[in-house]
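Protein sequences, first through last, are from chains A and B.
Read in this note's numbering, the first sequence has 253 at position 249, and its numbers run on one by one without any break.
Read in this note's numbering, the second sequence has 185 at position 193, and its numbers run on one by one without any break.
Be a bit skeptical, because a hint or two may be false.
Unchecked claim - With a straight-line Cα cutoff of 20 angstroms, these simulated SDA-like cross-link-like pairs (lysine to any residue) come out: (1) Lys145(A) / Arg176(A); (2) Lys145(A) / Asp164(B); (3) Lys145(A) / Glu89(B); (4) Lys20(B) / Phe96(A); (5) Lys125(A) / Glu78(A); (6) Lys125(A) / Ala113(A); (7) Lys20(B) / Arg94(A); (8) Lys132(A) / Pro158(A); (9) Lys125(A) / Asp157(A); (10) Lys132(A) / Ile183(A); (11) Lys145(A) / Lys20(B); (12) Lys145(A) / Arg133(A); (13) Lys125(A) / Pro97(A); (14) Lys145(A) / Arg119(A); (15) Lys145(A) / Glu100(A); (16) Lys125(A) / Glu100(A); (17) Lys145(A) / Asn84(B); (18) Lys145(A) / Glu115(A); (19) Lys145(A) / Ile113(B); (20) Lys145(A) / Asp121(A); (21) Lys20(B) / Ile113(B).
Said to hold, decoys possible - Below, a sample of chain B positions facing chain A; criterion: calculated Cβ distance under 7 angstroms: (22) Glu85; (23) Tyr86; (24) His88; (25) Glu89; (26) Leu95.
Source of the hints: derived by calculation from the structure; they are not laboratory data.
For each residue, glycine too, the CB sits at the ideal point set by N, CA and C.
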Amino acid sequence: MTAALEIRDLRKRYADVQALDGVSLTVPEGSFFGLLGPNGAGKTTFINILVGLVRKSGGEARVFGYDVEDDYQEARDRIGLAPQEFNVDRFFPIKEVLEHKAGYHGIPADEARERADEVLKQVGIYDKRDTRFDWLSGGMKRRFMLARALITDPDLLILDEPTAGVDVQLRRDLWDLIIDLNEAGTTILLTTHYIEEAERLCDEVAILDSGNVVTVASPEELIDRGADRIVVQLQDAPAGTPDLPFEDDRVDAVELDGNRLVVTARRGGLVAPDLVRALDRAGHGIVDLEISRTSLEEVFVELTRTEDGAAVDEPAPALAANGEGGRR
Amino acid sequence: MSVASKLLPVGFYTLAKREILRYVRRPKNTFVPPLITNVLYFSVFGVVLGTRVGEIAGVPYILFILPGLVVLGAISNAFENASFSIFHGRWNEYIHETLTSPLSYAQMVWAYVASSAIRGIAVGVLISVIGAIFTTVGVERPFYLVAFMLVITVLFAGLGVLGGLWAEDFDDLTMMNQFILRPLVFFGGVFYSLDDLNSELFYTVSLFNPMIYMVNGVRYGFIGTAEVDPNASLVVLTVLAAAVAALDVALFRRGYGLTE
């Protein structure tokens, strides 16, 4: 199967700034792929190279096997882009803007009209079809950006911060919509500042920092890489740190503070039973045990931390739309 | 469905149609200003002053200036349309809708050029109709009139694309029109004959002004007389228009003014 995106050693230099410094990654067809990174990491440059708004300085980028420069027409025909910025034609009502976009992709006028109606209904702003973009509310504008990306029925849907600045309900609506699209076979490339959004939606995420891919993994794998904290409340304070016989490298640190024992370990859920057994054998009574799993947000901050120890840019706080189960 | 929509590639047709609709739906900004301006030109230069000037090149002054006014209106509008549309699209970034589409660079350029040239021709026809109200207008050489109008509007639409790509600010657009285009036209033999230039130097310098050849070509189409060989002018202008269009396509391909 041809990959939706095949990127090899992609480079982009703006004067004295190296925006992309040898990015390589593969996005499988049909996947939901997240691109995370702090501001200035190169996410938008990466996307703009794919759609022809930025020329690469080196390397190779292919969309469904088509080179983004040599075969730009074929590559662009397969992409639907919903950028973060509102770059919409203000001269025409939104339905006509959609018809034009469809026409540029070779869709005949009659079919374009039908599709425009369809996608406007899909994103819930059909009633506003004769309104110009400037007169839409913020949420409607965001919906329209998605409608414009969908009008050409793309194989690869690129969403650059699609839920930035929208309310909880709309965010959920947009999530549902793009989940449906992905389940229908559309490959999704999502950039987001909302870590929870990536955690909930994406099959795989690439973390980009200073123009480099730091890692590519599923959200679960990334979370597993982080250290969990197991806090054990002991009945009596031991004289010293208990000697815990863990032979593998899962445990990073053991700290004792009175009768409170804090164990930092990878895959804390698997370590906890062994820890309880070891403490029991050593004669320590346990009052309480709590495991705090690392979050993707913490892993993100750790991976994008600069040499002086500070994270380059904090991700947005977790979304308000908590409380729902994961996507898959 | 129109014939054009059946014959032309859908993408090209859609972009050209979008560009045409943009100015057709705003006549107050596009067609009314040249209408009023040219009524004033014909009234003041043609009627009031024209009766004192008498004849030039064997025709009444009002008829003599008509082709020049047609050229002035046609090329200004072709240029303004292309430069404004490209620049405004860049300024508000909605040109990205076109740039991220699978249209070829040549299709993009020709859609902008064709729609702008059509606006130039429409304004040219409008000015001719206004002129016909003031004087009797004939078309002595229809082939040359059509050919020159096509070539000069395409040329200036192509130059408008260059201007739209180059401009960094709306002031740059105004500057190009007011400080470059308009002086060239006014010194391009719109209101006077080259034979009326008393100085040999002025005459020679005028021959370096491309407007001379355009105005003379269109005048040849209307009244059948020209001060410069119309065939040579047509060939040179056609080559120039093709070169400018090729440059436009190359700049689009390179992303000049469009990307990054």
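Outcome of the hint check:
no.	hint	in the structure
1	Lys145(A) / Arg176(A)	holds, 16 angstroms
2	Lys145(A) / Asp164(B)	violated, 31 angstroms
3	Lys145(A) / Glu89(B)	holds, 16 angstroms
4	Lys20(B) / Phe96(A)	holds, 17 angstroms
5	Lys125(A) / Glu78(A)	violated, 28 angstroms
6	Lys125(A) / Ala113(A)	holds, 18 angstroms
7	Lys20(B) / Arg94(A)	holds, 18 angstroms
8	Lys132(A) / Pro158(A)	violated, 23 angstroms
9	Lys125(A) / Asp157(A)	holds, 15 angstroms
10	Lys132(A) / Ile183(A)	violated, 24 angstroms
11	Lys145(A) / Lys20(B)	violated, 29 angstroms
12	Lys145(A) / Arg133(A)	holds, 12 angstroms
13	Lys125(A) / Pro97(A)	holds, 15 angstroms
14	Lys145(A) / Arg119(A)	holds, 18 angstroms
15	Lys145(A) / Glu100(A)	holds, 15 angstroms
16	Lys125(A) / Glu100(A)	holds, 15 angstroms
17	Lys145(A) / Asn84(B)	holds, 15 angstroms
18	Lys145(A) / Glu115(A)	violated, 23 angstroms
19	Lys145(A) / Ile113(B)	violated, 37 angstroms
20	Lys145(A) / Asp121(A)	holds, 16 angstroms
21	Lys20(B) / Ile113(B)	holds, 17 angstroms
22	Glu85	holds, 4 angstroms
23	Tyr86	holds, 4 angstroms
24	His88	holds, 5 angstroms
25	Glu89	holds, 6 angstroms
26	Leu95	holds, 6 angstroms
Of the numbered hints given earlier, the model fails hints 2, 5, 8, 10, 11, 18 and 19; all others are met.
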